[in-house]
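Which chain is which? The protein sequence lines are B, C, X and F, in order. The opening residue of the first sequence carries number 140 in my numbering; numbering runs sequentially from there. The opening residue of the second sequence carries number 2 in my numbering; numbering runs sequentially from there. The opening residue of the third sequence carries number 2 in my numbering; numbering runs sequentially from there. The opening residue of the fourth sequence carries number 16 in my numbering; numbering runs sequentially from there.
Derived from the structure by calculation, the hints contain no laboratory data. Some hints here could point you the wrong way.
[Claimed, not checked] Only pairs whose alpha carbons sit at most 16 Å apart, straight line, appear in this in silico EDC-like list of lysine to aspartate or glutamate: (1) Lys-317(X) x Glu-217(X); (2) Lys-243(X) x Asp-310(X); (3) Lys-317(X) x Asp-288(X); (4) Lys-442(X) x Asp-551(X); (5) Lys-147(C) x Glu-171(C); (6) Lys-665(X) x Glu-278(B); (7) Lys-341(X) x Asp-288(X); (8) Lys-283(B) x Asp-229(X); (9) Lys-231(X) x Asp-220(X); (10) Lys-235(X) x Asp-108(X); (11) Lys-90(C) x Glu-114(X); (12) Lys-283(B) x Glu-131(C); (13) Lys-224(C) x Asp-585(X); (14) Lys-303(C) x Asp-220(X); (15) Lys-512(X) x Asp-288(X); (16) Lys-241(B) x Glu-97(C); (17) Lys-241(B) x Glu-215(C); (18) Lys-31(X) x Asp-108(X); (19) Lys-665(X) x Asp-279(B); (20) Lys-241(B) x Glu-131(C); (21) Lys-224(C) x Glu-586(X); (22) Lys-529(X) x Asp-279(B); (23) Lys-237(C) x Glu-215(C); (24) Lys-72(C) x Glu-97(C); (25) Lys-38(F) x Asp-220(X); (26) Lys-146(C) x Glu-174(C); (27) Lys-222(X) x Asp-288(X); (28) Lys-38(F) x Asp-436(X); (29) Lys-38(F) x Asp-310(X); (30) Lys-38(F) x Asp-585(X).
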Amino acid sequence: MQVDKNWTPTIVAFCCNWCSYAGADLSGNNRLSYPANVKIIRIPCSCRLNPMFILRAFQRGADGVILCGCHPGDCHYTTGNYYARRRMTLLFSMLDYLGIEKERTRVEWVSAAEGAKFAATMNEFVEAVTALGENKRLEDFRCKQ
Amino acid sequence: MQAVIKKKAIELLESGTVNRVLGWKAGEFFYDLTPAVFTTPEQIEKDFVYSVFSGANMSKYLIDESKKEGKVAAFIKPCDGYSFVQLQKEHRIVRENIYAVGLACDGMCDMREIREAGIKGVTSVEEDGETLKIGTIYGEKTMAKKDALLERCVHCKSKKVVDCDEMIGENGEENRDCGRFDEVEKLEAMSPDERFAFWRSQLSRCIRCNACREVCPACSCVKCVFDNPNSGIAQKAAASDFEENNFHIIRAFHVAGRCTDCGECSRVCPEHIPLHLLNRKFIKDMNELYGFYQAGADFESKPPVMNYTTGDAEPSIVYARGGDK
Amino acid sequence: MQRIGVFVCWCGSNIAATVDVEAVADALSKEPGVVFATNYQYMCSKSGQDMIREKIKELGLTGVVICSCSPRMHEATFRKTCESAGLNPYMVEIANIREQVSWVHKDKAVGTEKAIILGRAAIAKVQLNTPLIAGQTPVTKRALVIGGGIAGIQTALDIADAGFPVDIVEKNPTIGGKMAQLDKTFPTLDCAACILTPKMVDAGQNENIRILSYSEIEDVKGYIGNFDVKIRRKARYVDEEKCTGCGTCMEKCPMKKVPNEFNMGLDNRTAIYIPFAQAVPKVATIDANYCLKLNTGKCGICSKVCLADAVDYEQKDEILEEKYGAIVVATGFNPISLEKFDEFAYSQSPDVVSSLEFERLMNAAGPTGGTLLRPSDKTHPHTIVFVQCVGSRCDASAEKGKEYCSKICCMYTAKHAMLTREKYPDTEVYVFYIDVRTPGKGFDEFYRRAVEQYNVHYIKGMVGKVVPEGGKLKVQASDLLDNRQIHIDADMVVLAAAIEPDKSARPLATKLTASMDTNDFFTEAHPKLRPVESPTAGIFLSGTCQGPKDIPETVAQAGAAASKVISLLVKDNLVGNPCVAKPDELMCNGCSSCEKVCPYGAITYEDKPFRGPNRTTLIRRVAVVNPAVCQGCGACTVACPSGAMDLLGFSNRQIMAEVDAICK
Amino acid sequence: MKTEDMIKEITRISGGNPAKCMKCGKCSGACPAYDEMDYHPHQFVNMVLDGRIEELAGSKGIWNCLSCFACLERCPRSVEPARIIEAVRVVTLRKAGANHLKPDDIPARLDDDIPQQAITSAMRKYAK
């Protein structure tokens with residue numbers, strides 16, 4: 140595949156308000172850098188993430204989508220991330236089944252204390268998605284400029 | 002069988018147990034049987050049909066029928082039975098208003114299979130034990146019934162009617178070893194590129210007629226998200242590859258854990274897209290990851306997507322499972 | 002279309018050094034709906050806030066976007082600012098351009114570009130924001146405590162002390178619970194009755210406490226601040242108001258062969274009975290299973306001898322309906338049934354007893370008057386073997402026992418061993434242990450005393466089998482440290498049975514929609530930070546219903562639960578979080594998917610009439626969310642197949658608008 | 016075989032997991048053949064876990080285990096020492112390559128009093 144050297148992926152990161160968004164704040168506080176292509180959307184809990192949002196992101200041109208939530212057992216709402224875990228497992232498996240690169244989607248549990256993990260995860264994820272190149276299989280040509 | 006069922010239907014009407022009967026009658030052709038409501042014994046005598054083409058799942062029609070005045074009789078085949086129970090669990094049908102007659106079923110046939118066997122100009126199909134006697138304009142032909150079965154009947158998962166008021170014929174058993182996941186496994190073993198190519202070749206034929214949605218007992222929303230302009234994803238016709246994928250992914254996800262694998266989506270698809278393979282993928286994953294689950298097999302259990310255990314597999318298991326590059 | 006004002010903060014140089022704030026404000030001013038955009042040194046300063054207020058009024062802004070630090074930092078500040086200028090506080094969105102941009106990206110061009118995109122996402126969201134008003138619900142200033150053991154009593158006393166009325170519902174005829182059955186308490190060895198009964202009397206006499214003994218919870222409806230509870234007052238066939246507790250009926254009752262549950266069935270009581278002398282309320286109860294009058298119609302002696310005329314054979318169960326603002330669960334524990342552990346010969350020999358039975362055998366008010374005698378032949382035992390961890394710490398796949406450590410057995414076994422050696426120095430006492438767990442104040446010292454001062458034989462190992470033979474109990478066990486198998490001819494064997502939540506807890510949890518773990522212990526809202534609250538708002542946990550605990554821990558937790566209840570009851574109104582789930586009735590299938598995933602039981606269903614075709618009316622079951630209970634996690638929104646359920650403040654369309662803005 | 020592989024093999028054959036052991040000693044407390052053994056049931060488990068399998072396999076004690084399953088029945092952790100010791104015996108025999116009996120030879124040696132379990136156990140030991 141031809142890779143445009145200047146091309147950088149667009150990454151949408153859904154972060155739960157209580158753990159991962161705070162973890163992202165902490166990586167800011169500690170000045171731990173990660174690529175600017177990562178854009179965070181705040182949701183109350185990982186269980187708020189509707190598969191529709193992920194597909195929508197890919198449609199609109201995202202190249203990778205990552206969900207970050209509290210570690211299982213630590214959910215602010217006690218059970219939210221357990222549901223998110225099942226839903227995402229099934230969705231990702233389905234995307235893989237449809238032949239869509241499974242490396243484009245990811246779930247990571249990041250606590251409010253894991254600023255370093257947040258930055259490291261984002262660096263790693265951006266690298267992985269960059270290696271895959273542009274999202275072609277779930278894009279909507281009408282949404283391309 | 003047809004005679005017994007008709008007799009039962011008339012008996013239920015005449016005894017006043019019910020005031021109408023949900024059954025099948027011939028559509029445009031003798032093999033495209035459509036669900037119909039009968040209110041008099043005369044109608045039943047005249048139009049009621051039960052044949053190897055009575056595949057249509059009756060349970061969805063009960064959502065509306067069970068809310069009308071008086072009791073309705075319904076004939077429930079094993080696969081309809083799972084949807085029947087699932088819909089009761091979802092409070093969609095009023096059980097008290099239904100007299101359910103369970104039917105023992107040994108498989109329904111698919112006209113496509115008969116045609117594909119090279120039999121043309123079919124005018125009638127009669128079941129005769131293991132064989133089908135097929136009348137054509139070129140004379141009578143025969144074919145083994147097992148070769149003409151619907152896909153879902155080839156891999157029949159259960160012959161058990163979960164819930165009914167009485168049975169016609171012997172109630173059967175579940176068969177977990179029915180091989181219904183073989184096709185899914187084949188796909189899983191392909192490379193992602195092959196899988197992508199396969200699904201593009203299938204889903205790109207989708208004309209968004211919504212037949213799969215309309216027939217699906219799990220897709221019984223009062224208003225579908227795809228019809229709701231406020232949902233943000235409403236669409237009438239798929240305008241791009243993405244929308245073709247999107248519709249079927251979301252649909253499969255919305256019925257995950259509630260889909261009983263009745264196979265109606267694939268049966269009615271005019272483009273012959275094997276849609277059941279999407280639902281079965283979810284079912285297979287759920288069975289493997291969270292323990293065997295059959296939607297509609299009981300009245301209490303929670304679907305796996307609405308349940309959890311603290312030790313569930315992480316989503317990263319997807320990277321390790323299934324076919325790889 | 003909203004009229005949106007955008008305020009870009011420099012945060013001194015924190016943002017401005019790596020983000021071109023002017024360029025951000027300029028770019029965002031061109032977004033649809035934006036009528037004003039500016040940048041300022043410190044938006045959170047007084048003058049910054051004044052500027053926001055001024056612009057809201059001057060330009061009639063209907064939405065505000067602030068590009069600044071994390072919303073976790075100043076969202077509340079800016080919401081208040083806007084509210085004071087007459088704008089609904091939920092019309093404010095924050096674009097986090099400090100923690101997510103200036104602090105993590107060094108390159109100014111890159112940072113500026115990302116800041117603009119985050120600003121656009123916030124603007125896109127504000128476009129779809131709607132004014133939200135936090136609901137207020139009044140609080141019923143009365144608490145219900147379920148269970149009248151030490152946990153329930155302490156919680157009730159503490160709540161009553163703060164001036165709020167409390168009802169204690171106890172299923173037995175008296176409060177007191179397990180602690181009333183204990184002889185001495187570790188590690189201080191004070192007499193349990195001496196410290197418990199004054200509390201029971203306090204509870205009985207406190208004008209804010211009403212004790213509903215011999216009663217059970219029938220049904221619970223409602224939510225935090227407003228529970229409607231139905232309480233079944235079981236017929237005790239004695240008028241509580243009239244009975245003086247004199248006990249004459251008990252003396253005269255001819256049915257004297259009823260197993261006495263207070264003494265663990267080790268002796269008998271009469272059919273009309275007061276469980277023990279210090280019972281509160283001290284009122285007789287007729288055991289309908291054994292009463293001759295109630296079963297055969299012949300007898301009626303108790304009624305004849307009762308001077309207070311309190312006996313009423315016609316009494317029926319009554320249902321009491323009450324309103325409460327808070328409910329405390331204090332349903333306690335029971336030792337497990339030892340039937341499945343017959344290697345210890347529990348069902349074969351009366352001399353093999355559980356620890357709670359042993360407790361009664363040592364108790365001055367017990368069946369033997371405090372003299373330790375073997376149940377079989379009433380002789381003094383000379384060799385006693387204690388077995389720890391019976392049914393505790395078992396593997397999940399084992400067919401019997403519990404996975405958890407019951408926590409209290411090590412200490413009470415040490416207590417039993419010590420007390421036996423103290424009273425009967427001629428008795429040999431063996432304790433078989435796997436580990437001795439003594440993490441508690443003064444606990445290890447206590448255990449060491451048993452070993453060092455009282456010469457209790459602690460043996461690391463386990464009893465493999467007990468065989469009754471010739472009046473003795475042949476105990477075969479391993480001594481792991483000596484690596485030998487030992488055989489002891491014992492007179493008694495005492496089994497430290499695991500404890501489990503009371504059987505009434507599981508159905509109660511269902512009524513309360515409070516969650517439980519697989520062992521039927523109630524789960525807490527947060528295992529570390531909210532240990533006495535259930536995830537269901539307004540339900541609090543006290544004592545062993547939440548997990549194994551000793552008395553000091555139970556009392557501490559009881560007090561903590563009480564303080565949580567008090568801080569709820571002092572409020573006149575509860576202000577909710579307006580970002581709650583909201584179902585669209587027109588689209589709702591009533592399928593119960595949302596209810597299944599709601600951790601708070603906030604969703605109920607209602608049959609509502611809707612207009613059908615041809616002027617007909619259709620009744621449809623639809624979901625109703627109680628905003629006072631919903632915490633706004635959003636689990637239901639994804640479970641809902643029709644998309645009828647949405648989350649205010651984080652609606653599907655808002656989040657998708659953000660996605661679109663970011664991916665553009 | 017390497018020690019780790021032996022541990023794995025024994026764990027696999029036994030179907031148990033020695034790591035679940037909490038060292039309570041109930042197995043040894045229950046064992047009727049305790050005094051006949053140089054190593055005792057609780058030690059079997061620990062020795063397998065520690066990889067001291069050669070030592071265990073070389074001991075006479077393992078052949079004195081009656082397979083009465085008292086330890087298995089009473090083990091609170093589902094470690095089931097009887098299965099582990101059986102696995103050690105099986106591994107030892109297989110390693111020795113000494114299939115003393117052919118399956119065909121077994122019937123001739125049967126008498127009516129042999130428990131069913133012993134026959135099955137003999138098949139597992141001796142049949143390839």
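Hint by hint, here is what the structure shows:
Straight-line distance between C-alpha atoms of Lys-317(X) and Glu-217(X) comes to about 14 Å, which keeps the hinted pair within the 16 Å bound. At roughly 7 Å between alpha-carbon atoms, Lys-243(X) and Asp-310(X) fall within 16 Å of each other, so this suggested pair holds. Among the hinted pairs, Lys-317(X) with Asp-288(X) is consistent with the structure: their alpha-carbon atoms are about 13 Å apart, no more than 16 Å. Between the alpha carbons of Lys-442(X) and Asp-551(X) the distance comes to roughly 12 Å, so the proposed pair stays at or under 16 Å and holds.
Between Lys-147(C) and Glu-171(C), the direct Cα distance comes to roughly 20 Å. Violation of the 16 Å bound is thereby established for this hinted pair. For the suggested pair Lys-665(X) and Glu-278(B), the alpha carbons sit about 12 Å apart, so the restraint of at most 16 Å is met. This hinted pair does not check out: Lys-341(X) and Asp-288(X) have alpha carbons roughly 29 Å apart, beyond 16 Å. Note on Lys-283(B) and Asp-229(X): the hinted pairing is violated, with a Cα-Cα distance of about 57 Å set against a maximum of 16 Å.
With a C-alpha separation of about 5 Å, the suggested pairing of Lys-231(X) with Asp-220(X) holds against the 16 Å cut-off. Distance restraint check for Lys-235(X) and Asp-108(X): the Cα-Cα separation of roughly 75 Å exceeds the 16 Å cut-off, and the hinted pair is therefore not satisfied. Proposed proximity of Lys-90(C) and Glu-114(X) is contradicted: the alpha carbons are some 51 Å apart, above 16 Å. A threshold of 16 Å between alpha carbons decides the hint, and for Lys-283(B) with Glu-131(C) the separation of about 57 Å lies outside it, so the pair is violated.
A C-alpha spacing of about 11 Å is found between Lys-224(C) and Asp-585(X), which places the hinted pair at or below 16 Å, so the restraint holds. Straight-line distance between C-alpha atoms of Lys-303(C) and Asp-220(X) comes to about 23 Å, which puts the hinted pair past the 16 Å bound. Taking the CA atoms of Lys-512(X) and Asp-288(X), the gap is about 27 Å. The hint is violated against a cut of 16 Å. Between Lys-241(B) and Glu-97(C) the alpha-carbon distance is near 47 Å, which puts this suggested pair outside the 16 Å criterion.
For the proposed pair Lys-241(B) and Glu-215(C), the alpha carbon gap of about 31 Å is over 16 Å, so the pair is violated. Pair hint Lys-31(X) plus Asp-108(X) does not hold up; C-alpha atoms about 24 Å apart against a cutoff of 16 Å. Under the criterion of a C-alpha separation no larger than 16 Å, the hint pairing Lys-665(X) with Asp-279(B) is consistent with the structure, at around 12 Å. Using a Cα cut-off of 16 Å, the hinted pair Lys-241(B) and Glu-131(C) is violated, with the two alpha carbons roughly 46 Å apart.
Using a Cα cut-off of 16 Å, the hinted pair Lys-224(C) and Glu-586(X) holds, with the two alpha carbons roughly 11 Å apart. Between Lys-529(X) and Asp-279(B) the alpha-carbon distance is near 46 Å, which puts this suggested pair outside the 16 Å criterion. Restraint check: the Cα-Cα separation between Lys-237(C) and Glu-215(C) comes to about 14 Å, which is no more than 16 Å; the hinted pair holds. For the given pair, Lys-72(C) sits about 8 Å from Glu-97(C) by alpha-carbon distance, which is consistent with the 16 Å threshold.
A threshold of 16 Å between alpha carbons decides the hint, and for Lys-38(F) with Asp-220(X) the separation of about 46 Å lies outside it, so the pair is violated. The hinted pair formed by Lys-146(C) and Glu-174(C) fails the criterion: a straight-line CA distance of about 21 Å is larger than 16 Å. A threshold of 16 Å between alpha carbons decides the hint, and for Lys-222(X) with Asp-288(X) the separation of about 31 Å lies outside it, so the pair is violated. Between Lys-38(F) and Asp-436(X) the CA atoms are separated by roughly 9 Å; this keeps the pair inside 16 Å, and the hint holds.
Only pairs whose Cα atoms come within 16 Å are accepted, and Lys-38(F) paired with Asp-310(X) is rejected, the gap being roughly 62 Å. About 58 Å separates the Cα atoms of Lys-38(F) and Asp-585(X), which puts this hinted pair outside 16 Å; it is violated.
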